[in-house]
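Protein sequences appear in the order of chains W and C. According to our numbering, the first sequence is numbered sequentially starting from 1. According to our numbering, the second sequence is numbered sequentially starting from 194.
A hint or two may mislead.
Covered by chain W, per the in silico footprint, the following chain C stretches (three or more residues, Cβ under 8 angstroms) [as the list claims (entries may be wrong)]: (1) 196-203; (2) 237-243; (3) 414-428; (4) 450-457.
Hints were generated in silico from the structure; no laboratory data involved. Backbone N, C-alpha and C define an ideal beta-carbon position, used for all residues, glycine too.
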Amino acid sequence: MGASWGGLNAYSSVLASLPEGFPAAIMLVQHQNASTENRLAWLLARYSRLPVVAPEDKERIRPGHVYVAPPGYHMLVDADETIALSMYRAVHFSRPSIDELFFSAGHVYGKKVIGVILTGANEDGSEGLDYIRRRGGLTLAQSPQSSEAPAMPEAAITKGSVREVLDLERIGPYLAEFLIGLQDEKTEHPGRR
Amino acid sequence: MEPQPAISDEQVQVEDIEIRLLLEAIYQLYGYDFRSYSPASMRRRIMHRLTMSGFSTVLEMTDRVLRDRQFFVTLLNDLTVNVTEMFRDPEFYKAFREEVVPVLKTFPFIKIWHAGCSTGEEIYSMAILLEEEGLYERAMLYATDIDKNVLAAAKKGIYPIHAFKQYTDNYRRAGGRQSLSDYATARYDSVIMEQRLKRNIVFADHDLATDQVFGEMHVILCRNVLIYFDRPLQQRVFKLFGESLDMGGFLCLGTKESLRFSGNEESFDVVNRSLRIFRKRQMRPNA
């Protein structure tokens with residue numbers, strides 16, 4: 001998931017609506033200034049029933065956990081399902097960048113990934129979301145009218161990358177229903193995003 | 194605009210093979226070994242260069258790399274990630290002053306290895322810190338990097354003046370005792386580090402993936418370098434650092450880097466957990 005302006009509210013709302021035992025790993029990027037501390041992880045932990053992790057490099061990605069990209073680093077998914085951090089150049093003036101997370105997750109997980117674009121005031125994430133779509137993953141965007149800053153979901157929708165547009169309060173329940181339904185249907189690998 | 198077509202698992206697999214071939218080509222022709230770098234991170238940087246330079250496949254770019262040294266130098270700069278600043282993570286330098294320097298003061302001489310020094314901003318930061326603590330005279334600083342081009346820049350110690358405002362702020366937060374401008378001279382749009390800071394610094398090229406131990410160090414700084422390596426290479430480097438450090442020597446990592454996955458955690462004590470300062474144990478484990 002990716003968000004920029006208004007992201008703290010949007011994330012706390014989405015996380016608050018996810019049930020215990022949620023079967024997927026959640027990785028989220030919020031645009032913010034560089035700092036040694038991952039304050040966002042600490043803040044979001046108060047809203048989430050799932051454990052919230054401020055990841056280190058090479059941290060293993062586990063289902064039912066929430067990973068918050070550290071300020072100043074891109075957060076990527078490596079093929080062995082660990083987190084790779086990088087300080088390579090900022091994308092859309094942002095590090096962490098949503099595009100970087102989405103490209104790497106789409107690469108590794110293919111159709112087992114769900115990309116979600118939330119509120120934000122720039123265009124980061126729309127290229128990466130389109131890559132997830134092209135890899136067969138599910139793509140969601142927060143509806144512009146329910147976004148504090150509509151530019152980011154609008155950019156993704158305009159690009160044609162988004163399959164479902166949802167109001168903020170629908171996103172968490174939608175994910176939970178979709179994934180838990182998927183899990184009941186077949187006992188295959190859990191979906192991931 | 195037509196939506197872009199789907200990308201199958203097979204296409205992704207082909208791209209992964211192309212990337213491995215590129216890295217093999219670079220290793221065989223130029224001697225730089227990126228074959229054990231984190232694939233996700235490597236891939237993003239390669240794809241960035243590919244898009245910027247207008248290639249349609251990695252194989253096409255590999256052909257160019259094999260025939261055009263100048264283009265390789267451009268790519269190399271993407272692959273090595275030269276993001277740094279003076280007194281980066283000021284809290285780290287502050288902790289180094291407070292928790293490491295008192296121990297270093299008890300040593301008759303001090304050898305410090307900065308592995309992956311990039312363009313040198315952090316080795317000059319360390320030189321300034323040692324100078325202010327009265328330790329510079331008895332210190333020898335070894336600054337190494339895989340990339341000879343950035344080492345040449347590090348040796349010169351010339352930085353853009355617009356970056357200096359941030360550096361000055363970092364310096365103050367790092368517990369600097371004077372003014373950062375005391376250590377540099379402004380000239381046009383640049384700032385040149387004072388010559389005297391260089392007298393005990395040795396710059397050398399060294400590849401953590403292939404080169405050997407740097408002996409009997411009291412401090413090793415390697416911050417935000419290991420994040421680009423895969424796990425086996427990280428383990429090799431941790432072993433190398435363990436062997437290069439004196440008993441009781443300090444290892445300083447980037448703030449998101451961990452010994453947890455190193456396979457070598459028990460050889461080190463934690464000095465400062467959040468700022469990633471470790472100390473090599475005095476005794477062997479199980480001895």
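Checking each numbered hint in turn, tell me which of them this model violates, lowest number first. none
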